Amino acid sequence: MTPVTLPEPDLLVPPEESSPAADAGRAALPEPLPADRLQPVGSWGGSQGGMAYAYRPTTVAQIREVFALARSRGLTVGLRGAGRSYGDASMASENVSLDLTRMNRILDWDPETGLVTAEPGVTIRQLWQYAIEDGWWPPVVSGTMFPTLGGALSMNIHGKNNYAVGPIGDHVLYFDLLLPGTGEIVRCSRVENPDLFHGAIGGFGVLGVFVRIALKMKQVSSGLLRVNPISVANLSEMFRVFEQKLTESDYLVGWIDCFGEGAGLGRGLIHQANYLAPGEDPVPAKTLRVENQELPDTVFGVVPKGLLWRFMRPFVHDFGVRAVNAAKYWSGTRQHGQAHTATHAGFAFLLDYVPDWKKAYGPGGLIQYQSFLPKETAEDAFREHLLLCERRGLVPYLGVFKRHRPDAFLMTHAVDGYSLALDFKVTARSREPLWSLAAELDAITLRGGGRFYFAKDSTLHAARLNDYLSEERVRQFLALKQGVDPEGLLQTDLYRRLFATPVSGYK
Amino acid sequence: MAASSPWKHAIVVGASSGMGAEVARLLAAQGCKVALVARREAELNALAEELNRVRGGAAHAYVHDVTSYDEVPALFQQVCRDLGGLDLIVYASGIMPRVAEDEFDFDKDWGVVEVNLLGAIAWLNPAAQRFAAAGAGTIVGVSSVAGDRGRRGNTVYGATKAALNAYLESLRNRLSTRGVTVVTVKPGPVETPMTRGLGRMPFMISAPEAARQIVSAARKRAGTAYVPGIWRVIMAVVRAIPSAIFRHMKF
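Chains as they are written, first to last, in numbering that gives the first Met the number 0: chain U, 0 to 506; chain V, 0 to 250.
If you are wondering where the hints come from, they were derived from the structure by calculation, not from laboratory data. One thing to keep in mind: the hints can contain errors.
Sample of chain V residues at the chain U side, in silico, Cβ under 7 Å [to be verified]:
#: 1; residue: Ala73
#: 2; residue: Gln77
#: 3; residue: Arg80
#: 4; residue: Ala133
#: 5; residue: Thr223
Calculated cross-link-like contacts (lysine-lysine; reagent style DSSO-like; alpha-carbon spacing at most 27 Å) [unchecked claim]:
#: 6; chain 1: U; residue 1: Lys285; chain 2: U; residue 2: Lys304
#: 7; chain 1: V; residue 1: Lys249; chain 2: U; residue 2: Lys357
#: 8; chain 1: U; residue 1: Lys358; chain 2: V; residue 2: Lys7
Reference listing, derived: stretches of chain U covered by chain V, where coverage requires no fewer than 3 residues with Cβ under 8 Å from a Cβ of chain V [claimed, not checked]:
#: 9; segment: 35 to 48
#: 10; segment: 91 to 105
What you are looking at is a predicted structure, and each value in this text was computed from that prediction instead of being measured. Beta carbons are placed, not taken as given, at the ideal position from N, Cα and C, and that holds for glycine.
Same shape as in the complex, but just chain V (with noise of 0.2 Å):
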């Protein structure tokens, strides 16, 4: 039986696949009531359907486009009046189309950017703005170790999580004192189903694994987490290589 979760009303962005509809399960089974956002609607209500049948009335979904950030307002008001309240934001929507060695296509990047930053922003603006004006909540930013470093193969990718790291710090910065709580969440390989055709990789862990060391992170009001942990470290060591070594390398 999973400890009863601190949240009673929880909105996760990106709830249709990989981690965030394995943090939406978690929190479900805890007995907390989940909004599932995303876009992918056969997805989206089959999860809802899952949860609501091992409880009513545990999960509301929302179909909706991260990049329709003019509907965030309203929508972000629906959702908080049919939860009933709200004490916890995971934003997990994000992408990451291939790209090639030569290839900078404007129209690919940007759509990167609307996914994994300006969705985030749109999202995470009034979750911060009401837990503000609450005095309590946690915000929970689904980011990436590939913020830490721009490497060859990952350009604008890594550019979003980089400003997805900052802008949580500053979220956190500003809200901390506040009684709001903000976890910057750096992911390394989890098993999904689009990383499965790319063989095993180093510290991989299942995306169950992944949303249970995301909400323990939460609970204990990490600022960052490494998920798993081991990447703290490895990060720290890619971090202090020179730029004039790193850009030698082939990763």
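Bound conformation, chain U alone (with noise of 0.2 Å):
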């Protein structure tokens, strides 16, 4: 055997003193977090990651408790309820996440007059479920109903309702917001701290926590709406019937199939529902038992739905979901027309059919583009939407259309218009393309007059913020935030993204 030769392995590093710099910095460094409490915060859509220190408080004094910790190491506080916003909204990466999940009291409830108050951490599944046998159903909900109230009202959102009753906020009496700053807690109504009231709601978390929210729920004779679907051939065909349908319809809701193209573009389902008229249900204390409203646990009887995702995400894929919408779609055109009821739970929550269903669009997850365009300018836009999807090779798996109008909000989404949600597919490589397709959508969005959702967003560019607020508005937001958070403790990925400035340093 040849004797082998080796060599001395790697390099000889002499020790120095170290320098005093060296040990000044040192000095200045806070005293570290419990390395346990860092963990995974990232977008509901699963398309960006994040670590945070998480806390889950579930008093107020717990969460003053928090906001000393995070100024005693120089770290930020991001607020988090469910965490079911599509983007970065709720992500406090590297810093305090405060999970208000566990704040989820309901303090007081009214069955005379609807008037409910509740922690930040009640969910609109609480919610209903709560008041339903009374017969009320919250005035606002979103596509899903696992959102808290105080995310709710963050991102102030909207149902299938809007352009008849207005966001949530609308429908708030009152809430109370712990201030950062001074760790007071203030009472805002539309007459005690009315710039606080129209900017916190809507105002995605940063200017303080809801602690207590009062809201006014709906009353409601039958735990069941009266559904009526209607097929639209094209995109042109889906304005004009949500135009006519509008003042005779309590929610409107239309499905647009993404792959539609030519005389197609834009096809999809409208479906329009009613409240029953008092009497028109005639065992409604039946229909309004929670039991009555559940989504069934199983598909067929027998398919636990939590295995469902599993089943579609071999068909998440270009050529699967074409086919999949186009069956979907020719099998409504033959469901035109027909009336049907549904429970309140069973319209309002499509997105919970499907338990997880966002795991069936892989690892790299998915974003949502939604933009809201006034009546003028929405067709058009919406048409130069698609087609730029379609050109660029990204066509949308799911596309949402809704009717707006404005309110008095100053952070406000709304518009008197359109909204179109587009979900897309991330991947590896979509992954560029797809932030380039949505800055290219930003620009039609912004020439047409349109506006944005912090609660969906992923996208949107800084440099872009002004055009779509205004100037204005922008410094009215911050100067509020300064007011409230001069140090500007309350901060998320998506306010650092958006609002990079310094709130302190905002001139």
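Starting from the two chains in their separate frames, assemble the complex, guided by the hints.
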């Protein structure tokens, strides 16, 4: 055997005195937080990951303790509810994530007036299940029942009835807001601190913590809605039918098959729904029971729905979705005009039919691009959106169409017009082209005087914030923030992305 | 044009010279934001300036002695915050003082244990905990072929590298089912300022070449990578030499 000469393996670094500058740098480092607090706190759509030091208080005193802790470490605090925003609105990467889901008590309920007072972590699900047997339903709900009330107010969510009843903020009587700066709690309503009232609702959680929310519920005389499915052959027809049905509908929502091309561009299905008139439902006490509202746990009575996304996953690519959408559209044309009844929960929470459906999109997750356009420019803009997606080869797998009306909130996303929400699958390869596409879509939206929605946004660039909100509105919002949070304690990844200028330095 | 990095935020400990510096250069060139951690301030700042000249914000520098273990938990959190996340850590700090044939100097040996082993544990433990919680991440430990066999000329250096190998293997076994990649790198001789006076050694490669192979091994999620690959064969032979013969050999 030939002996092998082993060399000296690697380098020798001569010892050296450490410099005074390094020692000074060391002394400045704050004490670390417990490493096991560091947990994944990502976007709901799964397209952005992040880690944050998670704290889950149950009392106002504990919130104040977390503020003090963060302050002592030079960290910022991001508020988080159910974490249902599609993008980075509830993320606080490398900082403190204040998760409010355990502050979830319903504090007061009056079945006579429908006035409910609740903590911010109460979910929409908790709320409807609590109130429905007394004949009340949340006035505004999202397409999923899992968001918290705190999150719903922060984003000022809207439902399929936005054009008729406005966003959730329009049904809030008052709230108590814990201010990050002084730690005091102030009551805000349309008469008390109206600026904060109109700023914190829709203020994406950077003005303060909602610790008590008073909301007026909507009275219903039955657990059922009458639903009328309407199929539309293209985008123009979608607009036309919406305008026709607007005054006679309590809810209206459109589904668009984004693979529709040419004459079929924007084809889809509309679901129109109305409350039943008092007396119309012979057994309201029965239809209003929670168990009769609940979505079934199984498909065909046997397959647990928790497994469904696994069956969907093999179809979630261009070819599969094109086929599934076409089948859905054509079966929809068969059901055209066949009115039927549906439960409130069954009609409202379409996104909850398949639990964890987002997982069917694969490891890269999804983003949603939702834009809101005035009725005068909406049709042209949405047509341009759909054509551009087609041209770029990035076709959304889901398109949802809704009607809106303006409201009085400072950071409102609503317009007297329409919104189109487009879900895109994100993969390692599609990520960059997708973000470029979003920038192109933004240009179309802004040219039409359109707006965006922070609960959905992942892609908007800070440079376009003023074009969206107007310089004046941004200035007003930052002035409000300066007043209640002069040190900028409350920050989220979205806040950093779009309002990158440190608030204290804002002129 | 180098392929773009699968990592966005990396820490390189021992970044002021040698393989650590070259790995940092390579990562930065591939678009990864790099935290440079090292003891020697002047070299560190020069490298940070160099990388930031090419692309602003590409590098952050932290003056730190890896034997200041108490400092690590806070510094680790600070670095992750400055980077905006973490998906790769490379531990490349190491010392190898010359040890004479009859020298048994505890203080000198202790210094080697501190830098080569304890410093690695101090930095890689928090990284391992973080990556396990995240369900993703890559840990690269720069060990050495010297850990494969207890050579007469290389007592504690080889012992620390053997311990580092076992530590890294254990991390790999703990974390691989949780989405975390742990790579043990075993370089042979590499051209660095420190080997310049030692003449031409067999299969010696340049530091940039070593860095290229290290990063490539990490991309491929190799468990153990010999750098260059020929050392896998050589060390298999060396390991097979019976102890009774090995103790009479001169190297």
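Hints and how they fare:
no.	hint	in the structure
1	Ala73	4 Å, holds
2	Gln77	6 Å, holds
3	Arg80	4 Å, holds
4	Ala133	6 Å, holds
5	Thr223	15 Å, violated
6	Lys285/U <-> Lys304/U	25 Å, holds
7	Lys249/V <-> Lys357/U	63 Å, violated
8	Lys358/U <-> Lys7/V	24 Å, holds
9	35 to 48	holds (count 5)
10	91 to 105	holds (count 3)
Of the numbered hints stated above, those contradicted by the structure are hints 5, 7, listed in ascending order.
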